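> Spelled out from the first residue to the last, the chains are:
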Amino acid sequence: MKIFYYSILFLFALPAHAALNVFACEPEWAALTLELAGDKTNIYSATGGLQDPHRIEARPSLIAKARRAKLVVCTGAELEVAWLPVVLRESGNNALQTGNSAYFEAAQFVTMQEVPTRLDRGDGDVHALGNPHIQTDPRNFLPIADALSKRLAQLDPANAAHYQQRLASFNTKWRAAIGVWEHQAAPLRGVSIVVQHKGFPYLNGWLGLKEVATLEPKPGMEPSAAHLAQVLNTLQKQPAKMVLRAAYQEARPSEWISQRAHIAAVELPYTVSGSDRAQDLYGLFDDTIAKLLAGLK
Amino acid sequence: MFKKICVGTAIAVLSSHAMAADVISNEAVFNPAFSLILSGTYGSVQRDPAIPATGFAMNPNPGHEQGFNLGESEMGISANVDPEYRGVATLALSPAGGISVENAFVRTTSLGDGLNLKFGRFFSGLGYLNEQHAHAWDFVDQPLVYATLWENQLGEDGIQLKWLAPTDTFIEVGGEMGKGRGFPGTDTVRNGNGASVLFAHIGDDIGIEHSWRAGASLHQTKRVAAESTSVPDVNGNPVTNLFTGHSQTAGLDFVWKYSPNGNVRNNYFKLQGEYFRRKESGDLTYDTTVAGANITDSFSVIQSGFYLQSVYQFMPRWRTGLRYDRLDPGVAQVGALNAGNIISDYRFNPTRTSLMLDYSPSEFSRLRMQVANDQSRRGMKDNQLFVQYIMSLGAHGAHQY
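Heads up: the sequence lines are chains R and U, in that order. So the first sequence is numbered by my numbering: it starts at -17 and just counts up by one. So the second sequence is numbered by my numbering: it starts at -18 and just counts up by one.
I should point out that these hints are in silico values taken from the structure, not numbers from a laboratory. Predicted model, so just to flag it, every value in this text is computed and none were measured. Note that the Cβ used here is the ideal one computed from N, Cα and C, for glycine as well. Don't take every hint at face value.
Stated by the list, open to error - Quick partial rundown of chain U residues pointing at chain R, CB under 7 Å, derived from the structure: (1) 181; (2) 185; (3) 189; (4) 244; (5) 343; (6) 379; (7) 382.
As the list claims (entries may be wrong) - Negatives, chain U to chain R, calculated, CB over 10 Å: (8) 82; (9) 92; (10) 95; (11) 145; (12) 152; (13) 177; (14) 183; (15) 184; (16) 199; (17) 258; (18) 358.
Claimed, not checked - Partner residues aside, some chain R positions facing chain U, computed with beta carbon under 7 Å: (19) 40; (20) 43; (21) 187; (22) 190; (23) 192.
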């Protein structure tokens, strides 16, 4: 339970005296905004690390928070398509319409992977603009931070110098941290993995992990017994070291494979507040790397 | 049933923008989002579904279909009209042929300050369930109180204004004026307002695991020559009556949702209930057929009802739900001239208990089974079984809370 109280503290008790109200769709963007703005903003995170960001309800509280937001920071790429449009429309906040400067989509600033060449729901819940789980590669945060900092300065010009200075210091610290993580993660290069949901292409690309199978038969479809058996079969021919899942995903399918294929089941925080250690962006990747390395043993 | 008209206009309004696309870009990129809901049911009931709930013969009785049935396929089209407006149309394709306009409205997107204005044909914002489309219902059918007091759902031709308060807690108030198209309205054909609605909603989260919304609503309309057929009189003969008078309905609604870690994908529990109370007073003409008695005198009655339901997603993809319905036909005050004709006190409360189980292989498909013990008609216990599928193709818009 402890983790939930921490995440509540982190997500909902950010400084209340500040001027710019920011509505972050996911905790990683709340954390990034905090890095870039410090106490100049009042940040509300619409989701926590243990919630599936695809499946959030357009709750009254979200609509009320969006009503007063001056900036909305989201992943985009249709990740929030099942709830955000209703929240923004019902909020009656005309600044937040798509295309306005108050609506910031992180996915626009990185190179998208797994952009489907054909769109058919028979292929599962695929996102037309590519895989939206961009927060699993820390390098993606650099261009996003740059764009977000400019957006903050545009909306709050009085503090432009403050944002610029925080961006510079974030860039330096973040690049150094990436160097450390890459050094730590060297043993992971070329390691074969299984994933529960197709949510890790950016992480795989960064660390050189080799994805050999997916537990969900199609993106967004729950793993069926028949499909799991098939995965087990694949693993006999093509062994993997571990099976990865995000903290918000159900443990059962991973555990099932883990026991039968005798590989480690690794639960990654996936986002800020997804684990006890992942209380900020640095903690997120510290913990991710540590858990992956533990899975190797 | 109220006849729906003018499909062409609605589509023309929505698609006219596409015509304006300039020569360089592809016209199709401006096409509105398009969705189609396919649904069907199998129904097995022991009693004739045309028999209304006891005490509610002057109310609508949407009833149930028996055997295999294609449900209404629902076609949704929506897009931003321009930076100021958004257009939404929902067309219901009836299995017997024909298209009816369920919704066709325009809403503002840029008023700001928490204001939202909607005009055209829309589901009224009263209560909790009223705005939900059939494909989002948790049971095969609507609660009895919605079936009898709102003919399943109150649709209105008119205008709605909502305002959301700039507070951390969700507080919304709204009002509607309209034609009085849906029951109990009688489709006013005069200048002015035929029906009005006021509603207020309040809601919030408690931690990350709980959320709730509560509301109150008021509806009022003047009913003119509202005809009801096959109404039993004191002697048990089916007669046709006419009512003219005022109808006022007050409602209370609440919903509470709980989900471990706030993660609705895996498990959640939802509890909701609504109560409506309607007072009608005016004049009632008894037995209006040509050879009938045609006696007019005063008539007033308070009808009420509630439902309480819970839905539990016990594992991903699987949900079960339980619902209890109860109605109170009230005791009518009947003028002296009709005291010997009209039943004033039915001394019976219709009830129904429904249990459902549904399975959703993906966000776009759902299969459902429902059993009900219907005791809404005196002395006619009815065990009902329904099987239903609901599939959605194309653009899948976000659902409301």
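> Would residue 95 of chain U pass as off the interface with chain R, using Cβ distances and a cut of 10 Å?
At roughly 4 Å from the nearest Cβ of chain R, residue 95 of chain U sits no farther out than 10 Å, so the non-interface label is violated.
> Please verify that hint: residue 379 of chain U, Cβ, nearest Cβ of chain R, below 7 Å or not.
With a minimum Cβ separation of about 4 Å from chain R (threshold 7 Å), the hint on residue 379 of chain U holds.
> Would residue 184 of chain U pass as off the interface with chain R, using Cβ distances and a cut of 10 Å?
3 Å, violated
> Double-check residue 343 of chain U for me: the hint is only fine if its C-beta lies closer than 7 Å to a C-beta in chain R.
6 Å, holds
> Checking hints one by one. Is residue 192 of chain R an interface residue toward chain U, by the C-beta closer than 7 Å rule?
Violated, about 27 Å.
> Any Cβ of chain R at or closer than 10 Å to residue 92 of chain U, or is the non-interface label fine?
About 6 Å separates residue 92 of chain U from the closest Cβ of chain R, which leaves it inside 10 Å; violated.
> Once the closest CB in chain R is found, is it more than 10 Å from residue 258 of chain U?
About 25 Å separates residue 258 of chain U from the closest Cβ of chain R, which puts it past 10 Å; holds.
> Test the statement that residue 183 of chain U is away from the interface with chain R: the closest C-beta pair must be farther apart than 10 Å.
Nearest chain R Cβ is 8 Å from residue 183 of chain U, so the label is violated.
> Hint validation: residue 190 of chain R versus chain U, beta carbon distance must be below 7 Å. Holds or violated?
At about 30 Å, which exceeds the 7 Å cut-off, the nearest Cβ of chain U leaves the hint on residue 190 of chain R violated.
> Any CB of chain R closer than 7 Å to the CB of residue 382 of chain U?
5 Å, holds
> Go through the hint on residue 181 of chain U and say holds or violated, using the shortest Cβ distance to chain R against 7 Å.
12 Å, violated
> Find the nearest Cβ of chain R to the Cβ of residue 152 of chain U and say whether that gap is larger than 10 Å.
8 Å, violated
Comparing the model with each numbered hint stated earlier shows that hints 1, 9, 10, 11, 12, 14, 15, 21, 22 and 23 do not hold.
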